[in-house]
Amino acid sequence: DVKVTQSSRYLVKRTGEKVFLECVQDMDHENMFWYRQDPGLGLRLIYFSYDVKMKEKGDIPEGYSVSREKKERFSLILESASTNQTSMYLCASSYWGGTAFFGQGTRLTVV
Amino acid sequence: GESVGLHLPTLSVQEGDNSIINCAYSNSASDYFIWYKQESGKGPQFIIDIRSNMDKRQGQRVTVLLNKTVKHLSLQIAATQPGDSAVYFCAESPYQAGTALIFGKGTTLSVSS
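Line order of the protein sequences matches chains R and H. Per the working numbering, the very first residue in the first sequence carries number 4; after that it's consecutive. Per the working numbering, the very first residue in the second sequence carries number 4; after that it's consecutive.
In short, the hints are calculated from the structure, not lab data. All C-beta atoms, glycine included, are put in the ideal place defined by N, C-alpha and C. Hints are not guaranteed to be accurate.
[Said to hold, decoys possible] A partial selection of chain H residues facing chain R, derived with a Cβ cut-off under 10 Å:
{"#": "1", "residue": "32"}
{"#": "2", "residue": "34"}
{"#": "3", "residue": "41"}
{"#": "4", "residue": "48"}
{"#": "5", "residue": "92"}
{"#": "6", "residue": "108"}
In isolation and in its complexed conformation, chain R is listed as follows:
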């Protein structure tokens, strides 16, 4: 089975902190994605990567950056956390043009 693992299920961080969310997939997928999910807004794409060291902005990249140094790992970085970044964060991976498989999500609260 495809496995996408996010490093934390729940996180609480303070405003202004630098936050790292980690995601690892074990299926040798080229593509990896970070979404955030908020009530009434569905899943919104923050960033995605289609190869090591490659990244593309999604719909809402402001306040976020990403890193993909290895094929299996895709990190989301909140440079200076703010309360409006409190959300559920979902990582996914896929082959090119194929189904995206999701991790279990990280619920981040910024206080």
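Based on the hints, put chain H in the right spot on chain R.
Leaving out everything else, chain H in the frame of chain R:
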């Protein structure tokens, strides 16, 4: 921007009924469509997919129908069970370089016994 939308935000059915969840997509270049199920506190889980060269695909208790003429996608769940209660999302994949899945906002299915 381009988006995938669902017709109803909520759907309530009785156990044993058949459920139909609808989705309209806007990108005629999309050639791959996926339905996901998301239970509370979990990530979306793949249910079934369909490519644009098909108009119907069946799985276990689920069927996806694709109507490219009107850009409409539906998920049919037969003999709905309480365990089917979840949020269902459709997603489309424009088969172009550098594009990611586009998701609709979801339909919450509630099944009562």
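Structure-based check of each hint:
For residue 32 of chain H, the interface hint is violated, since its Cβ never comes within 10 Å of a Cβ in chain R; the closest pair sits about 12 Å apart. Among the interface hints, the one on residue 34 of chain H holds; its C-beta lies about 8 Å from the nearest C-beta in chain R, closer than the 10 Å criterion. Hint status for residue 41 of chain H: holds, given a least beta-carbon distance of 9 Å to chain R, under 10 Å. This hint holds: residue 48 of chain H has a C-beta 7 Å from the nearest C-beta of chain R, less than the 10 Å allowed.
Contact between residue 92 of chain H and chain R, as hinted, is supported at the beta carbon level, the nearest pair being about 7 Å apart and thus within 10 Å. For residue 108 of chain H, the interface hint holds, the least distance from its beta-carbon to any beta-carbon of chain R being 4 Å, beneath 10 Å.
Checked against the numbered hints above, the structure violates only hint 1.
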